[in-house]
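Participant: Work out the full structure, taking the sequences as your base and the hints as a guide.
So the protein sequences, as listed, match chains A and B.
For what it's worth, this note's numbering labels the leading residue of the first sequence as 99, then goes sequentially.
For what it's worth, this note's numbering labels the leading residue of the second sequence as 99, then goes sequentially.
Take the hints with a grain of salt, since some may be wrong.
Put simply, identical chains are the same to the list, so a pair is met inside one copy or across any two.
As the list claims (entries may be wrong) - Distance condition first, Cα-Cα at most 25 Å in a straight line; then the derived DSS-like pairs of lysine-lysine:
1. Lys378 - Lys178
2. Lys451 - Lys498
3. Lys425 - Lys451
4. Lys498 - Lys425
5. Lys498 - Lys291
6. Lys351 - Lys291
7. Lys351 - Lys471
8. Lys471 - Lys425
9. Lys498 - Lys471
10. Lys378 - Lys451
11. Lys351 - Lys178
None of these hints come from the bench; they were simulated from the model.
Take a look at the letters that make up each chain.
Protein chains: 2
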Amino acid sequence: MQIEIINTGSELLLGRVLNTHQQWLCRQLADAGYEVTRQVTVADTGEAIQQAVRESLGRADLVITTGGLGPTADDITRDKIAELLERPLHEDDSVVEHVRSFFARRNRPMPDRTRIQAMIPEGAEIVQNAHGTAPGLIIGVAPNPFRATGDRSVLIMLPGPPRELQPMFTAQILPMIREQFPLLGGFACITLKSTGLGETLMEELLENPLSGLVREGLQVGFCARTGEVDVRFAANGPNSAALVANADLIARKVGAEYIFGTGEESLEQVVVQMLTEAGKTIALAESCTGGYLANRITNVPGASAALVSGMVTYSNESKMDLLGVQKATLEQHGAVSNAVAGEMAEGARARAKSDYAISITGIAGPTGGTTEKPLGTVYIGLASADEIFVQHYLNTFDRKTFKFVTAQQALEMLRRRLTGLIPV
Amino acid sequence: MQIEIINTGSELLLGRVLNTHQQWLCRQLADAGYEVTRQVTVADTGEAIQQAVRESLGRADLVITTGGLGPTADDITRDKIAELLERPLHEDDSVVEHVRSFFARRNRPMPDRTRIQAMIPEGAEIVQNAHGTAPGLIIGVAPNPFRATGDRSVLIMLPGPPRELQPMFTAQILPMIREQFPLLGGFACITLKSTGLGETLMEELLENPLSGLVREGLQVGFCARTGEVDVRFAANGPNSAALVANADLIARKVGAEYIFGTGEESLEQVVVQMLTEAGKTIALAESCTGGYLANRITNVPGASAALVSGMVTYSNESKMDLLGVQKATLEQHGAVSNAVAGEMAEGARARAKSDYAISITGIAGPTGGTTEKPLGTVYIGLASADEIFVQHYLNTFDRKTFKFVTAQQALEMLRRRLTGLIPV
Numbered sequence: 099m100q101i102e103i104i105n106t107g108s109e110l111l112l113g114r115v116l117n118t119h120q121q122w123l124c125r126q127l128a129d130a131g132y133e134v135t136r137q138v139t140v141a142d143t144g145e146a147i148q149q150a151v152r153e154s155l156g157r158a159d160l161v162i163t164t165g166g167l168g169p170t171a172d173d174i175t176r177d178k179i180a181e182l183l184e185r186p187l188h189e190d191d192s193v194v195e196h197v198r199s200f201f202a203r204r205n206r207p208m209p210d211r212t213r214i215q216a217m218i219p220e221g222a223e224i225v226q227n228a229h230g231t232a233p234g235l236i237i238g239v240a241p242n243p244f245r246a247t248g249d250r251s252v253l254i255m256l257p258g259p260p261r262e263l264q265p266m267f268t269a270q271i272l273p274m275i276r277e278q279f280p281l282l283g284g285f286a287c288i289t290l291k292s293t294g295l296g297e298t299l300m301e302e303l304l305e306n307p308l309s310g311l312v313r314e315g316l317q318v319g320f321c322a323r324t325g326e327v328d329v330r331f332a333a334n335g336p337n338s339a340a341l342v343a344n345a346d347l348i349a350r351k352v353g354a355e356y357i358f359g360t361g362e363e364s365l366e367q368v369v370v371q372m373l374t375e376a377g378k379t380i381a382l383a384e385s386c387t388g389g390y391l392a393n394r395i396t397n398v399p400g401a402s403a404a405l406v407s408g409m410v411t412y413s414n415e416s417k418m419d420l421l422g423v424q425k426a427t428l429e430q431h432g433a434v435s436n437a438v439a440g441e442m443a444e445g446a447r448a449r450a451k452s453d454y455a456i457s458i459t460g461i462a463g464p465t466g467g468t469t470e471k472p473l474g475t476v477y478i479g480l481a482s483a484d485e486i487f488v489q490h491y492l493n494t495f496d497r498k499t500f501k502f503v504t505a506q507q508a509l510e511m512l513r514r515r516l517t518g519l520i521p522v
Numbered sequence: 099m100q101i102e103i104i105n106t107g108s109e110l111l112l113g114r115v116l117n118t119h120q121q122w123l124c125r126q127l128a129d130a131g132y133e134v135t136r137q138v139t140v141a142d143t144g145e146a147i148q149q150a151v152r153e154s155l156g157r158a159d160l161v162i163t164t165g166g167l168g169p170t171a172d173d174i175t176r177d178k179i180a181e182l183l184e185r186p187l188h189e190d191d192s193v194v195e196h197v198r199s200f201f202a203r204r205n206r207p208m209p210d211r212t213r214i215q216a217m218i219p220e221g222a223e224i225v226q227n228a229h230g231t232a233p234g235l236i237i238g239v240a241p242n243p244f245r246a247t248g249d250r251s252v253l254i255m256l257p258g259p260p261r262e263l264q265p266m267f268t269a270q271i272l273p274m275i276r277e278q279f280p281l282l283g284g285f286a287c288i289t290l291k292s293t294g295l296g297e298t299l300m301e302e303l304l305e306n307p308l309s310g311l312v313r314e315g316l317q318v319g320f321c322a323r324t325g326e327v328d329v330r331f332a333a334n335g336p337n338s339a340a341l342v343a344n345a346d347l348i349a350r351k352v353g354a355e356y357i358f359g360t361g362e363e364s365l366e367q368v369v370v371q372m373l374t375e376a377g378k379t380i381a382l383a384e385s386c387t388g389g390y391l392a393n394r395i396t397n398v399p400g401a402s403a404a405l406v407s408g409m410v411t412y413s414n415e416s417k418m419d420l421l422g423v424q425k426a427t428l429e430q431h432g433a434v435s436n437a438v439a440g441e442m443a444e445g446a447r448a449r450a451k452s453d454y455a456i457s458i459t460g461i462a463g464p465t466g467g468t469t470e471k472p473l474g475t476v477y478i479g480l481a482s483a484d485e486i487f488v489q490h491y492l493n494t495f496d497r498k499t500f501k502f503v504t505a506q507q508a509l510e511m512l513r514r515r516l517t518g519l520i521p522v
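Facilitator: Below is the structure:
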């Protein structure tokens with residue numbers, strides 16, 4: 099089955115905005131067993147849109163467009179596609195009513211030009227927009243004049259704003275795709291998230307244990323990002339669910355040390371959940387990560403149950419004043435040292451009266467490195483009632499990547515401590 | 099002039115990674131006066147790559163591919179394009195030497211398979227990779243068998259990793275494009291960054307003052323993101339530099355209150371620079387933004403000169419202990435209140451002995467709102483030696499957007515204070 103995505107929008111080709119639709123839609127479809135074969139971005143001109151749609155309808159069973167359904171002058175996708183398919187536009191009462199009530203609920207007058215969103219190509223199925231005014235549209239193109247075979251294609255037009263497109267796709271479009279393009283014989287898929295082991299080593303670790311399942315049809319994919327490796331298991335056919343479930347079991351056993359979650363889970367989500375379930379609390383003392391670890395943890399709804407406080411102590415004075423780091427320790431070992439990391443963690447824990455505390459001190463760069471302590475040097479401390487544990491890393495990355503990798507290592511230290519994987 | 103970008107990579111179509119090349123390359127080209135007319139993503143299969151390249155060479159003067167030049171089995175872009183263009187591959191000594199020294203400098207053995215990156219299509223110009231092993235390649239396709247006119251096209255192949263592609267494009271590729279495709283008669287472009295005013299209001303504000311320049315050929319574009327609006331001025335022709343410079347002057351005068359920077363500048367960069375130049379320091383006390391403001395400020399290299407300390411005080415206890423907020427104030431007004439924001443800012447400033455302090459207290463959600471203080475309620479305090487100023491906002495967004503918008507408002511309060519725009 100061929101699926102193509104057409105993103106419309108001149109702002110995309112001017113590089114003013116990032117195209118997040120591509121990844122999001124591809125990911126949703128892949129996890130449902132459908133692979134996108136091509137994605138294209140074109141400007142908001144009639145010629146470019148029609149050319150792209152014509153080409154895609156000539157190849158693909160399913161064509162999805164994004165953008166250009168709104169009320170402004172450059173929203174021309176609906177009109178240009180209707181013209182290409184020779185489908186006259188008619189105003190639809192249900193959409194007019196939807197737009198009207200959308201503005202009424204917000205106590206705002208309905209601008210006249212928003213009514214244009216109710217102009218629907220003949221024969222199109224309307225998908226009401228729960229988070230905006232422009233409806234999604236589904237058109238069955240049959241017979242398909244752009245395919246040599248004349249085979250039917252389905253064309254779906256989605257609104258551009260992600261907060262409108264995403265819920266519409268999940269709730270209304272994907273079920274329709276499953277119904278109109280049923281996967282023959284079943285499909286299953288799971289993504290495991292891991293940290294602490296590179297892509298090649300993870301592949302080596304899993305290769306032998308999974309070889310039997312691979313012979314039976316299991317597909318294994320790896321995707322490395324900085325500080326994380328995703329392992330994706332997929333299978334087709336009647337046995338797919340069992341294959342993927344077995345692969346999941348084996349990988350979690352063999353890779354227990356590194357695998358922290360599933361799907362879209364983040365390491366901070368996992369750690370906050372572990373802390374909350376154990377009824378434990380944490381405090382943070384960050385120097386070189388400058389609040390980034392606190393930020394990641396507080397991105398998790400409900401983090402307030404686990405996080406007592408965080409301190410960003412850039413200066414030596416603040417390390418002494420807020421965390422009780424000894425002046426002598428700073429003078430003898432320097433701010434970036436095992437000893438200071440230990441005192442920071444212990445001080446943060448004592449001050450916050452928390453069960454655990456994490457401290458981070460290091461050199462993020464771009465300046466400040468020495469021969470003895472080069473750029474990227476970092477010490478991460480983890481204090482609990484039983485012990486203070488300090489780990490040394492060398493993270494030679496640009497400033498933002500340094501922060502991410504270092505926070506990842508700190509979260510992973512805590513996760514291992516909470517699962518009992520760090521030797522005490 | 100037609101420019102097309104082809105991103106190769108099955109991981110892009112599986113939605114495993116975000117395609118950042120599209121925005122980055124389009125932006126660089128647009129700011130240099132070149133507009134990308136089409137972007138396409140295809141999987142790492144010979145058929146898909148060759149079909150996309152054939153189509154693009156049939157339309158475009160310049161075709162840029164990304165990815166597939168490395169040493170692994172799915173890196174087939176170079177081979178498949180050489181095959182399509184009927185250019186035999188020859189090993190190039192300078193590339194072999196570059197790869198060898200790349201590994202030697204890192205004290206790592208050179209894997210045998212990395213040598214394949216030295217296989218160069220006949221007639222291709224080699225662009226050495228300063229941050230990796232795979233070279234970029236430039237091929238003049240003349241005569242061009244895929245164009246009806248036979249007109250020459252230029253095909254550029256870039257490596258996939260952004261840290262290799264970006265410096266190569268800036269230092270080596272863009273100068274070549276400027277030389278081979280000179281802009282007739284000149285081009286100028288500037289992007290102003292603003293906050294605090296919506297897109298429509300910004301457009302209205304600038305419309306009349308700029309109308310004269312628009313009649314002379316100035317192009318004005320707006321791009322709204324959450325919490326920011328970019329204003330882009332561009333012009334072609336011999337008068338372009340003057341047109342853009344005049345537009346810049348007028349916009350900065352009319353929109354002085356809202357325009358904070360140029361190009362890729364962030365609000366935190368501007369604020370850190372203002373603080374550093376004035377020799378002033380700041381402390382932060384964050385509740386609902388959970389360290390995100392500290393994180394943004396410490397993303398700026400050299401922020402340590404301005405930031406003394408940051409405190410993430412989620413709990414009432416930490417607000418009292420670390421910031422000296424009065425128990426009575428918390429009980430009487432609640433943690434999310436004008437009074438507590440004021441005491442947090444003042445306490446942070448006193449504790450850090452800094453010139454300024456910012457405090458943030460609010461309800462990020464998804465839970466915790468009440469009728470009196472709905473989700474998104476936030477108080478931002480700014481303390482200096484002269485005064486404590488507290489501003490109230492209602493930021494009804496998802497959790498991460500809430501953090502961004504709130505931090506943006508806090509930085510903007512400080513920027514206005516530093517420029518003297520907030521009435522004291």
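Participant: Against this structure, judge whether each hint is valid.
Facilitator: Quick rundown of the hints versus the structure:
{"no.": "1", "hint": "Lys378 - Lys178", "in the structure": "neither (58 Å within a copy, 56 Å between copies)"}
{"no.": "2", "hint": "Lys451 - Lys498", "in the structure": "neither (31 Å within a copy, 28 Å between copies)"}
{"no.": "3", "hint": "Lys425 - Lys451", "in the structure": "both (23 Å within a copy, 18 Å between copies)"}
{"no.": "4", "hint": "Lys498 - Lys425", "in the structure": "neither (30 Å within a copy, 38 Å between copies)"}
{"no.": "5", "hint": "Lys498 - Lys291", "in the structure": "both (21 Å within a copy, 22 Å between copies)"}
{"no.": "6", "hint": "Lys351 - Lys291", "in the structure": "within (14 Å within a copy, 51 Å between copies)"}
{"no.": "7", "hint": "Lys351 - Lys471", "in the structure": "neither (38 Å within a copy, 47 Å between copies)"}
{"no.": "8", "hint": "Lys471 - Lys425", "in the structure": "within (20 Å within a copy, 44 Å between copies)"}
{"no.": "9", "hint": "Lys498 - Lys471", "in the structure": "within (19 Å within a copy, 35 Å between copies)"}
{"no.": "10", "hint": "Lys378 - Lys451", "in the structure": "within (11 Å within a copy, 33 Å between copies)"}
{"no.": "11", "hint": "Lys351 - Lys178", "in the structure": "neither (54 Å within a copy, 40 Å between copies)"}
The structure fails to meet hints 1, 2, 4, 7, 11 from the earlier list, while all remaining hints are met.
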